[in-house]
Structures are given as structure tokens and as C-alpha cells.
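Trainee: Spelled out from the first residue to the last, the chains are:
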Amino acid sequence: MKKNMNRRDFMKVSGGAAAAVAGASIYTGSALAGAKGRVVVVGGGLGGATCAKYIKRADSSIDVTIIEPNKTYFTGFTSNLTISGMVTMEQLGHTYEGLTAMGIKVVHAAATEIGDSSVKTSDGGSYDFDRCVVAPGVDFKFVEGHSEEIANKSVTHAYKSGAQMSLLGEQIRGMKKGGTVVLAAPRNPFRCPPGPYERTAQIAAYLKVNNPTAKIIVLDPKDKFSKFGLFKEAWKIHYGYGTDNSMINWIKGAEGGALEEVDASTNTAIASIEEFKGDVLNVIPDMKAGHVAHANGLVKGDWCPVDLQTFESSLRKNIHVIGDSSAAKGLPKSGYAAASEAKVTAAAIVAAMNGNAAPVPAYTNTCYSVVAPNDAFSVAAVYQLAADKHKVMKVAGGLTPSGDKRNAAHREREVQYALSWYENITTDAFSDGKKLPL
Amino acid sequence: MKVTKLALAIIGGCAISMSASAGGKVDKSVSNMTGADATMLSNTCAGCHGTDGASSGPAIPSLGGMSALYITDMMNGYKSGDIKSTIMGRIAPGYSEDEIDAMANYFAGTEQHRTPQAFDKAKAAKGMKLHDKYCEKCHSESGTLAEDDSGILAGQPTPYLHYSMEDFANGDRSMPKKMKKKVKKLNKKEGSAGMEAILNYYASQK
Ligand SMILES: Cc1cc2nc3c(=O)[nH]c(=O)nc-3n(C[C@H](O)[C@H](O)[C@H](O)COP(=O)(O)OP(=O)(O)OC[C@H]3O[C@@H](n4cnc5c(N)ncnc54)[C@H](O)[C@@H]3O)c2cc1C
Chain X
1 MKKNMNRRDF MKVSGGAAAA VAGASIYTGS ALAGAKGRVV VVGGGLGGAT
51 CAKYIKRADS SIDVTIIEPN KTYFTGFTSN LTISGMVTME QLGHTYEGLT
101 AMGIKVVHAA ATEIGDSSVK TSDGGSYDFD RCVVAPGVDF KFVEGHSEEI
151 ANKSVTHAYK SGAQMSLLGE QIRGMKKGGT VVLAAPRNPF RCPPGPYERT
201 AQIAAYLKVN NPTAKIIVLD PKDKFSKFGL FKEAWKIHYG YGTDNSMINW
251 IKGAEGGALE EVDASTNTAI ASIEEFKGDV LNVIPDMKAG HVAHANGLVK
301 GDWCPVDLQT FESSLRKNIH VIGDSSAAKG LPKSGYAAAS EAKVTAAAIV
351 AAMNGNAAPV PAYTNTCYSV VAPNDAFSVA AVYQLAADKH KVMKVAGGLT
401 PSGDKRNAAH REREVQYALS WYENITTDAF SDGKKLPL
Chain E
1 MKVTKLALAI IGGCAISMSA SAGGKVDKSV SNMTGADATM LSNTCAGCHG
51 TDGASSGPAI PSLGGMSALY ITDMMNGYKS GDIKSTIMGR IAPGYSEDEI
101 DAMANYFAGT EQHRTPQAFD KAKAAKGMKL HDKYCEKCHS ESGTLAEDDS
151 GILAGQPTPY LHYSMEDFAN GDRSMPKKMK KKVKKLNKKE GSAGMEAILN
201 YYASQK
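Protein sequence lines correspond, in order, to chains X and E. Read left to right, the first sequence gives residues 1 to 438 (our numbering). Read left to right, the second sequence gives residues 1 to 206 (our numbering).
Treat the hints as calculated values from the structure; they're not laboratory data. Source: prediction; values computed, not measured. Note that beta-carbon positions come from the ideal geometry of N, C-alpha and C, so glycine has one too. Hints should not be assumed to be uniformly reliable.
As the list claims (entries may be wrong) - Within a straight-line C-alpha distance of at most 25 Å, the following computed PhoX-like cross-link-like pairs (lysine-lysine) qualify:
1. Lys-224(X) - Lys-277(X)
2. Lys-189(E) - Lys-84(E)
3. Lys-435(X) - Lys-180(E)
4. Lys-36(X) - Lys-160(X)
5. Lys-84(E) - Lys-405(X)
6. Lys-317(X) - Lys-391(X)
7. Lys-206(E) - Lys-435(X)
8. Lys-236(X) - Lys-160(X)
9. Lys-206(E) - Lys-434(X)
Claimed, not checked - Using C-beta positions, here's what the derived DEER-type ranges look like:
10. Thr-88(X) - Asn-105(E): 56 to 62 Å
11. Ser-96(E) - His-108(X): 55 to 61 Å
12. Leu-69(E) - Asn-374(X): 49 to 55 Å
13. Pro-116(E) - Pro-212(X): 34 to 40 Å
14. Lys-182(E) - Asn-210(X): 47 to 53 Å
15. Asp-116(X) - Ser-80(E): 51 to 57 Å
16. Pro-189(X) - Lys-182(E): 52 to 58 Å
17. Ser-61(X) - Glu-97(E): 32 to 38 Å
Unchecked claim - Calculated from the model, a selection of chain E residues having no Cβ within reach of chain X, i.e. all distances over 10 Å:
18. Asn-32
19. Tyr-95
20. Glu-190
Generate coordinates for the entire structure from the input sequences, incorporating the hints supplied.
Mentor: Listed below in C-alpha cells is the structure:
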């Protein structure tokens, strides 16, 4: 009830302005007389959408425009579950009507140039801002023999969801009996540290039922990874990890797990000691901030340094960087963290535009991993900003219990809670009222 | 053994705050900025509980429009470990008494939400009568009155209410004595179908 009322009210107030802009790709300040300030958000993924929405919620007189090339955003999070068929890719698509109904403008184009007071887009548009929020997610550092073109056709990374994730699913479902999946994991830091290992479990969940003699080789440049004990325990309980009959063979860095090259013509991963030929090959490259951040002087090393209270770039004024692209010391590159950064940033921008100081921030992260139809676990953390602002400090949190303390009934609950988290974090960002049919 | 050790090594950082959290204390080895306002704090809960505590389900409960006292009691129960949980026991220790109060008042001031969900019509009709007989006294106005300080049952995700009843039954959460009596009576008279009917009724509420 309340939601609908709000939506209608917003349409009444902002419908005119939104309609006027919809047709034109260029607008100027004069069209927005009366607006308290203008925010342009580059990237309408989880971080960008959440930030836009929370600015508008806090102060509807601020003019907010999202620049995002895709009409549908497919979430990376939960996309691993498409492999075992727990959800479909279609169910993970989100559109922007809910946000436009709130009076947020959405332009479907790619941002190219971020100036000091305007953003230029691939289609020739130009959008003025007082503050810009940059949330382009990640880009990849492909090894020799691998590229986005190859990833689109055969050796997927499937780490931006959407079509490549669907292709990976098809490849696994179409694999010959007793075939081998080779999955290469990236170096730290990368988005969703448990992602490759949840993916391994989801592939195993599918194969266990449909192709039980198949194998999965995980090549890893690291010697340990996120939720290490929990994953190894789950792989063991569900997929025989550690036995002669294990479906999963994890090769760590010290034992030759580091990938050096891909030979796409033979589906071969060339690692530091041996070569691994897969019937399906999935290579998740090392990562860096989104291209647009690199192209616009926002990057130091691979990521974007920021003030942790406002997420304003340490390199450029009035430009904030949030989500996977930011170098937010203390926070992981996850969806929950991106949304948390988005809300802290929204509050800081609203405060600035109303002549107030940035408020004391609060951040949270949680990440669920679904490792079997009846088994999920999580990591949770509550954070505060260190007084000297050098780092975001964890003040509480931890992992789902394992070993003697493993609670099978709670694991089943966590599957339901993981799906609930999905529903709520996407609705919180996109207001699209879309639900997984469960 | 080996695995556990390794796991501990990796989560070394967490281990400190986990042991700190068991006592409900915050890591004081560094000085942090505190004093975030109610909105800032409450917005961190939305990713799981929904915007302003309006959960889309299928299982995480809505917080919208609950009484501040109920929320505070639950948070303190999670924090002390008196109420067993899957994840709140790791989150609640991150907040001081004042912060919990601030969030509780924030959510108490938002609207209640009925999560749309499937239900059986006939069972819901029967459940309505059973609710009136066994539960209405403390979950009044059909399980919608916040001032009862007994949670909001109307439109709360059914799996969550199931879990709550399981927790009450196995002692992971202590059930109010008089509620225990009523639940016992209900079970005696109606068998497990009685509670099922009541939960269908709550699911049917719009
Ligand atoms: C397989 C997988 C599993 C995951 N599991 C989890 C999980 O369980 N829990 C969790 O919390 N997180 C998980 N994540 C991580 C989560 O998806 C990301 O951390 C989160 O999406 C980061 O948000 P973001 O806004 O920074 O980037 P994104 O959500 O990637 O959004 C970036 C957006 O920017 C747009 N963009 C890029 N360049 C431009 C440009 N030049 N102009 C305009 N727009 C541009 C893109 O089109 C995209 O829509 C997972 C990720 C993957 C891939």
C-alpha cells in the first residue's frame, strides 16, 4: 500500500521533468531550475542503483541521473545458483522502472569522459553534475590467450553474470559423461572472495545428480581462500573432497595452481607446473577497477583510493567512487559492502548539498554461499570507521559455525535466508518489486 | 584438526572480534568514530530485512512497525546468546545499547509490512478461529498490535514463524510460560494441524 502511494506521489511531482528529459540525451542546468543539486551516477549496478535511490529517498529535491548502458542488470551475486538450476538467469534480471518512478533519471549509454562538472557518454550526451558517483564494478586482467571476445564465445569468465553465465551453464549441462571442468580462480583482491568456491560447489551439485563420474579441477594461485574451512568441509560432506573419490580437486598456488596462459583452441589452462585440458574451461581473471575509472584519473594501482567517510576520490574532487572499484580498506568487494558504501555516500552527498558535515558512517557486510540445495553458510561483519579514517574496522561478526558446531537445520535455514537476502537487497536497490518464484 | 587450524588462521581477524562479541563487547583496541544516527544505522539492516524493514521474504522477517521494546529484547537476546540464531548472534554484538535503542525506535516508526505469500484458504479460515481462541490475547488485533510487544505475526514470512516455533519448542529461545500453556492446549486439541492452520491465517493477512 505504502509503496504504491509513494510511487504515485513521486510520479505526480516528477513525472513532468522525467518525461522532458527522457527524449533528449542532453540537458542543461536551466532545465532543472529549483533542484538543490545534481548528481550523476556512473554505473547502475548494485552500488550505483542503491546510491541513487538513497539520495532520492533522503532528499527528493536533489536531481539524480544514472548512466548505465544495459537496460537489464543481471546480478553477479546468486548467479552461481543458475548452474545447479536453483534459480534461472531470467529471474536475476532487474530493470529501472522502479527508480524512474521515484523521479530518478536513467540514461542507457556508457560514460566515457568524466570532467570536473559533467559526464560525457558514448552516444554524444553530456550530463552536468555537482557531484558524481562512479560505480562501474570491475574489469579484468586477462592472461595471455584469454580476452573478453574469447570469454563470450568459449572460455568464459562468467564473472559479470548475464550471457556468459548462461553459456557456462549450457557447457556444463552439455558436457560428456565423466568429463572434466577446469576452473581457474583469481588472485586477491577480487569481487566476491567466496564466489569461485561457491561456483565449484554449485557445479558439483549439478554433476553429482546428472554426471556423477565427472570431475572438477580448481586451479588457484592462492594457498587459502575466503571461508576456507567452511568450503572444504562442505565439499567433503557433499562431494567427497579429500577422498580418493572426490569430485573436486583443488590445486593451490604452492602446488602449481597459478594460471599463466590459456589455449582457447584446445580448451587448455596452462598453469605454472602442468597443463590442464578441460571439457569445460572457466577462467576467472585477476581484477581491477572498471575501465571508466582508469580512463578518468581515479585509479592508483588497480583500484580507486577514497575517503572512507564520504567515498570521495582522494585524487579528484566532487567525484565519489563506490563498490568493487573503490579501494575501501577494511571492506571486501561484495554486493552487501557495495550497497553499504552506497548508503554512506548518499548520506554524505545529501549532507553536503544541504550545507551539513558528512555524518558518522555505519557499514555492514554479509555474504551467503549456497553450497548444496540444503546447505548455505555466511560471513557477517559490522564495521565502524577508525577515528583517524585510515581503515574501516570490524567490531563484530564471524562465520557460520562448522565442525562440531555445525548445525544442519540452521544450514537449511540459511538457504532460505540467502534467497531472502537476494530479494531484499535487490528490492532495496532497484525498487522493482521483482521476486524469485519460490 | 588441520582444517580447523587453517580456518582459524584465515579468520584470525574475525576470531578476535568473535571472542569479543561473545561477551557482547566491542573491540576497543582502536578508537572508532561512533554516534551514527538512527537512519544511518538502520539502513545497514535493509539489505536483509528490506527497505524500512519491509521484507519480500521468503524467510527473513519484516521489522517494520514492530514495537521498540520487542526489537530491543530480540537484539539483546541475540547479543547475549540467550536467543540462538543463524546470523543475528554475529551482528547484534556490533551495536551498543544506545544504537540498538535508536534502531528499534526507527523501525517502530515505519509501517508494518505483510509479505505476500501463498496460503491455503480453508486452513486460513480455520486458523483465524484458532488464533482468536488461543493467541489473540497476547497477539491482539489479529497479530498486528505492536504494543503487545510480542512481535508482529500477521504477514510475517511463514518459514520464519515456523523457525520461531521450532526454537521455542527446543529451547533455543525461551517461550513465555503462558504462551507455552496455550500452545500445549492447541496441540492437544488440534494436533500439528492446528498450528499449521494458524500460520496459514497469518500468511493470508493483507
Ligand atoms: C559469481 C558471483 C557471485 C557473487 N556472489 C556474491 C554474494 O554472494 N554476495 C555478495 O555480497 N556479492 C557477491 N558478488 C559480488 C557482487 O556482485 C559485486 O560485489 C557487486 O555487484 C558490486 O557492485 P558494483 O555496483 O560495484 O558493481 P556492479 O554491480 O558490477 O555494477 C557495475 C555497473 O556499472 C556499469 N558500467 C560499467 N562501466 C560503465 C560505464 N563506462 N558507463 C556506465 N556504466 C558502466 C555496468 O554495466 C554495471 O551495471 C558476486 C559476484 C559474482 C560475479
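Trainee: Can the suggested window of 56 to 62 Å be confirmed for the beta-carbon pair Thr-88(X) and Asn-105(E)?
Mentor: Given a distance of about 41 Å, which is not inside 56 to 62 Å, the answer is violated.
Trainee: Tell me if the straight-line CA distance from Lys-224(X) to Lys-277(X) falls inside 25 Å.
Mentor: Given that 25 Å is the threshold and the Cα spacing comes to 24 Å, the pair holds.
Trainee: Holds or violated: Lys-435(X) with Lys-180(E), Cα cutoff 25 Å?
Mentor: 36 Å, violated
Trainee: Is 34 to 40 Å respected by the C-beta to C-beta distance linking Pro-116(E) and Pro-212(X)?
Mentor: Check passed, 39 Å falls within 34 to 40 Å.
Trainee: Against the range 49 to 55 Å, how does the distance between the Cβ atoms of Leu-69(E) and Asn-374(X) compare: consistent or not?
Mentor: Violated, at about 36 Å.
Trainee: Would Asn-32(E) pass as off the interface with chain X, using Cβ distances and a cut of 10 Å?
Mentor: 4 Å, violated
Trainee: Please work out if Lys-236(X) and Lys-160(X) have their alpha carbons no farther apart than 25 Å.
Mentor: 28 Å, violated
Trainee: Could you check the hint for me, namely that Asp-116(X) and Ser-80(E) are 51 to 57 Å apart, CB to CB?
Mentor: 52 Å, holds
Trainee: Take a quick look at whether Lys-206(E) and Lys-434(X) sit within 25 Å of each other, Cα to Cα.
Mentor: 19 Å, holds
Trainee: Looking at Glu-190(E) again, its CB stays over 10 Å from all of chain X?
Mentor: Label holds. Min Cβ-Cβ 24 Å, cutoff 10 Å.
Trainee: For the pair supplied as a hint, Lys-317(X) and Lys-391(X), is the alpha-carbon distance within the 25 Å limit?
Mentor: 20 Å, holds
Trainee: Could you say whether the range 52 to 58 Å given as a hint is met by the Cβ separation of Pro-189(X) and Lys-182(E)?
Mentor: 53 Å, holds
Checked against the numbered hints listed earlier, the structure breaks hints 2, 3, 4, 8, 10, 11, 12, 18 and 19; every other hint is satisfied.
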